[in-house]
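Sequence lines, in order, name chains G and L.
Numbering of the first sequence is given in my numbering, commencing with residue 10 and proceeding in unit increments.
Numbering of the second sequence is given in my numbering, commencing with residue 10 and proceeding in unit increments.
For the record, the hints were derived by calculation from the structure and aren't laboratory data.
Where hints are given, some of them may not hold.
It does not matter which identical chain is meant; a pair holds if it fits inside one copy or across any two.
Stated by the list, open to error - The calculated SDA-like cross-link candidates involving lysine to any residue, where the alpha carbons are at most 20 Å apart (straight line), are:
1. Lys179 - Ala249
2. Lys309 - Asp283
3. Lys86 - Asn37
4. Lys223 - Glu189
5. Lys86 - Pro35
6. Lys289 - Ala61
7. Lys347 - Gln317
8. Lys347 - Asn337
9. Lys336 - Ser43
10. Lys148 - Ala211
Protein chains: 2
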Amino acid sequence: MNLTRVAAMTAFLFSTGAGAASLGGPLNLADEGSFFVNGENVNTQYPGASLATGPGAPGRITVNQMYVHYRIPAASKALPVIMVHGSNHSGVTYETTPDGREGWATYFVRRGHPVYVVDHAGRGRSGFNPTRINEVRDKPGTNPSTLPTMFFGTHERAWVNFRFGPEYGKPFPNLQFPLEALDQYLQQLIVNSETALERGAAHTVDALAVLLDKIGPAVVMVHSQSGVYGVDVVRKRPQAVRALVSVEGGCENLGADDAKSAFAKVPFVSVWGDNSVGAKGTVNGDARRNRCLEAVDAIKAAGGRAAQIMLPSIGIAGNSHMMMMDKNNLQVADVVLKWIADNAAR
Amino acid sequence: MNLTRVAAMTAFLFSTGAGAASLGGPLNLADEGSFFVNGENVNTQYPGASLATGPGAPGRITVNQMYVHYRIPAASKALPVIMVHGSNHSGVTYETTPDGREGWATYFVRRGHPVYVVDHAGRGRSGFNPTRINEVRDKPGTNPSTLPTMFFGTHERAWVNFRFGPEYGKPFPNLQFPLEALDQYLQQLIVNSETALERGAAHTVDALAVLLDKIGPAVVMVHSQSGVYGVDVVRKRPQAVRALVSVEGGCENLGADDAKSAFAKVPFVSVWGDNSVGAKGTVNGDARRNRCLEAVDAIKAAGGRAAQIMLPSIGIAGNSHMMMMDKNNLQVADVVLKWIADNAAR
């Protein structure tokens with residue numbers, strides 16, 4: 010893969026301005042908008058300084074909230090779906106693909122599902138708590154090791170972990186990810202700033218439970234890093250999660266006890282692409298996938314409903330870890346939509 | 010104002026789940042989605058550590074990009090409008106109001122305008138560069154004063170600066186801001202993390218110019234902090250900005266030279282609420298408003314088209330600085346829509 014050529018192709022694609030619609034058809038919405046859940050008020054001694062109006066005095070701030078963007082179809086005829094992104098991403102994961110095609114958020118809406126796309130608490134439009142950073146900066150003698158680590162995976166790491174290919178710059182031969190729009194994709198990667206919240210990712214789990222309380226029973230879709238958050242949400246709200254869809258999500262915390270209790274009536278599916286088999290140097294390979302298969306088997310053994318869908322077993326090849334953006338993303342979406350229609354409790 | 014009562018009312022409002030639509034009517038879209046502009050690739054020596062997979066090696070990251078969320082009406086019959094938020098906010102400013110009514114983004118779409126809502130470069134879904142934070146944390150001996158200040162205005166400061174009332178907890182008697190949903194509003198406030206980019210807010214100005222190059226001529230709407238960004242964008246792309254709408258935006262950088270050159274053919278409007286007159290302790294009071302009136306007068310004196318709309322002069326009272334969320338937000342929107350229809354160059 011010639012990366013200079015990729016850049017040139019990207020420049021061409023995105024110089025064409027507002028051309029053809031990204032959507033496969035009109036989007037007719039009864040409602041669309043946003044709200045927040047789970048915010049908590051805390052005191053801060055170090056709110057930083059406005060570049061325009063000077064240093065801020067100590068006071069109250071709101072933290073731990075989660076941004077929720079909802080789209081409600083005019084012809085709503087299916088369960089709501091909550092879409093949760095993974096590490097170094099935001100809800101943009103489920104919007105327009107990097108090469109300008111329809112993403113899963115609007116596609117699921119056009120198939121009749123109300124869709125709720127979130128940004129993890131502490132990330133993106135959900136904001137984060139800057140107090141520790143300002144304190145280290147502004148309070149003499151504060152130990153810099155008290156700063157939160159602010160993880161931002163590099164391009165090199167993203168390429169291998171998100172399974173574009175076996176090593177940076179080298180794609181898998183059958184790769185479905187639209188590498189010609191790589192520059193667009195890399196712009197949606199952001200910092201895991203939830204480390205700047207007191208309990209980190211736990212606030213996202215709390216917020217998802219509160220979201221279910223607000224909107225009522227729904228399918229929860231998780232991806233990658235948020236796989237384990239989905240498991241935690243099922244534990245917290247087994248009555249409200251009508252199904253858990255895990256798109257190459259981690260299952261490390263789904264144990265035999267969960268299989269017998271929280272997942273007894275919550276259908277679970279774990280979806281994986283072919284290039285996860287034997288992949289080296291990626292967190293999204295055999296170990297994670299096999300751990301999910303164990304979880305699926307444990308749920309089935311306990312009498313619950315669960316499946317691991319290996320896309321190659323149904324004739325779909327070449328998917329990256331970012332299958333909601335791959336060139337065949339709507340084909341994969343159709344697999345997930347069918348599984349939801351066949352399995353999710355109404 | 011009894012703040013305990015406010016909290017109780019908020020709890021009631023948001024316990025009702027997915028009830029009535031926030032929109033005043035169906036939203037029929039030819040297209041909807043998102044993309045990024047202005048990303049640049051840089052090297053980082055300090056990408057931080059993943060809590061799941063450990064410390065990251067140095068490599069390439071993408072920074073300075075700007076997130077753009079677009080909604081294209083099925084019946085598009087008017088100029089595109091780019092909506093830019095202010096300090097401690099994101100594009101959520103223009104979405105559903107805190108009390109669950111329609112915001113300006115969808116309202117302008119339903120009036121025929123394609124609408125592009127952005128998050129400033131360095132903020133919200135646009136992400137930021139965490140390198141300096143990780144460097145201070147992980148490289149022994151790094152001076153903490155090299156950390157970016159991460160300004161996050163407190164509730165107390167927001168109340169006065171965004172002009173809910175003369176002092177914290179005390180509203181203006183005629184206030185139009187929906188204080189019963191204050192808890193929702195405070196959750197949309199986020200950190201000004203663009204200070205973690207090399208040239209701070211300048212990247213947002215660059216990105217807005219690139220956005221105009223991509224989508225073609227448009228009306229640019231700015232608010233508060235981004236008022237001066239709008240002026241800079243007109244300087245950079247005087248042919249592409251069909252009008253600059255400044256919603257209580259700063260005009261500090263709009264000088265006599267600009268009035269004669271960049272603004273010669275770019276109509277300009279500066280919109281203000283009544284409680285800005287004589288307001289104490291707020292950046293959004295007499296000084297800022299009067300500076301904008303000077304700019305308006307300079308453009309008119311040079312033969313250009315400009316106006317300052319004082320809402321009370323047309324019978325609209327009680328608006329806060331966040332007039333796109335006020336209870337009469339659609340009445341104010343109608344004033345802006347009419348000004349655009351009457352003045353923006355086609």
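Hints and how they fare:
1. Lys179 - Ala249: Neither way: Lys179 and Ala249 sit 43 Å apart in one copy and 40 Å across, limit 20 Å.
2. Lys309 - Asp283: neither (23 Å within a copy, 65 Å between copies)
3. Lys86 - Asn37: both (13 Å within a copy, 18 Å between copies)
4. Lys223 - Glu189: between (40 Å within a copy, 18 Å between copies)
5. Lys86 - Pro35: both (17 Å within a copy, 17 Å between copies)
6. Lys289 - Ala61: Intra 49 Å, inter 17 Å, cutoff 20 Å: inter-copy only.
7. Lys347 - Gln317: Within one copy only: 14 Å inside, 56 Å across.
8. Lys347 - Asn337: Only inside one copy: Lys347 and Asn337 sit 16 Å apart there, 44 Å across copies, limit 20 Å.
9. Lys336 - Ser43: Between copies, since 17 Å is at most 20 Å while 29 Å is not.
10. Lys148 - Ala211: Classified as neither: same-chain Cα gap 28 Å, cross-chain 28 Å, threshold 20 Å.
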